[in-house]
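Novice: Can you build the whole structure from these sequences, using the hints too?
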Amino acid sequence: MRTACRMRLQGAGNVRDLGGYPCGETITAWQCCYRSDMLNNLTQEDWKKLQEADIQLILDLRSKTEQIQAPYDSERYGIARVSLPFMKEEVPLADSLDEQAQKRFLDSMKLDYVDMVRAVPEAVCAALRHIRNTRKAGHAVLFHCTAGKDRTGILAALLLKLCGVCNEDILADYQVSATYNALGVNRMLPADVMAIPAVRALLDSTPDMLQPLLTMLDEAGCFSYLKSIGMRQDELEELSALLQEP
1 MRTACRMRLQ GAGNVRDLGG YPCGETITAW QCCYRSDMLN NLTQEDWKKL QEADIQLILD
61 LRSKTEQIQA PYDSERYGIA RVSLPFMKEE VPLADSLDEQ AQKRFLDSMK LDYVDMVRAV
121 PEAVCAALRH IRNTRKAGHA VLFHCTAGKD RTGILAALLL KLCGVCNEDI LADYQVSATY
181 NALGVNRMLP ADVMAIPAVR ALLDSTPDML QPLLTMLDEA GCFSYLKSIG MRQDELEELS
241 ALLQEP
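Residue numbers (UniProt numbering): 1 to 246.
No lab work stands behind these hints, which were simulated from the structure alone.
One or more of the hints may lead you astray.
Once the Cα atoms are required to be at most 30 Å apart in a straight line, the calculated DSS-like pairs of lysine-lysine come out as [as the list claims (entries may be wrong)]:
no.	residue 1	residue 2
1	K49	K64
2	K227	K64
3	K48	K136
4	K136	K227
5	K64	K136
6	K227	K48
7	K64	K88
8	K48	K64
Specialist: Laid out in structure tokens, this is it:
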């Protein structure tokens, strides 16, 4: 039974522990993997909390452009950062006054999570190996994008699926982002940007966005799919064990 999951920080509103989800006869391990939205507004007190959680590695899933626009220095606090963009293309924001531009923007950003995973197999494998190595050393990992919803949601789903967490719980974890983002990252966007229907739609986290990825993993088999993009069976078995309570 899950009893807590959110790490309360002043500068990020969607930081959550992936621990506590039932998987077979055990649960996913607490204080080992954290998912988050952007970290560029963290305070010194926030960074101290990450240190106290023994987070030794941050996986930055944002695009290169996003990283340049909203940088942070985790190494100043003794936490390594690895850049692993989980999206190939940059898509410009639609003009709030142009309905056709809004439609083109929304169509281009109707994020097909299956396509996203297939587009960056090297980044997916690298992320899984970084998490495995950090957990093997006994430390925690945090991974994030901008809203902590799409790219972060994909990696979280892969990890939970790898542990045998049921789809209902994976979808429930995914949907929480909309609640926390309403209190956090959404408020950081200008009112005219938030008024764009396309933008509001992208900031939502409804089950139908993630379900196709879970269906694909069910049909292919999570282990089989990840092996097909470059992971080894022994790596996956070890990672799965490291993400679960003994």
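Novice: Check the hint pairing K48 with K136 against an upper bound of 30 Å on the C-alpha distance.
Specialist: Holds, because 23 Å separates the two Cα atoms, which is no more than 30 Å.
Novice: Next pair to validate is K64 with K88; report whether the Cα-Cα distance is within 30 Å.
Specialist: holds, 10 Å
Novice: Hey, K64 versus K136, does the alpha-carbon distance stay inside 30 Å?
Specialist: holds, 28 Å
Novice: Between K227 and K64, is the straight-line Cα distance small enough, at 30 Å or below?
Specialist: The given pair, whose Cα atoms are some 27 Å apart, holds under the 30 Å limit.
Novice: Would the hint linking K48 and K64 be met if the CA-CA limit is 30 Å?
Specialist: holds, 26 Å
Novice: Tell me if the straight-line CA distance from K49 to K64 falls inside 30 Å.
Specialist: This hinted pair holds, its Cα atoms lying about 26 Å apart.
Novice: Does K227 pair with K48 here, judged by a C-alpha cut-off of 30 Å?
Specialist: Roughly 37 Å separates the two Cα atoms, so the pair is violated.
Novice: Hinted pair, alpha-carbon criterion (30 Å max): K136, K227. Please report holds or violated.
Specialist: Cα-Cα ~20 Å, so holds.
Violated hint: 6 only; the structure is consistent with all others.
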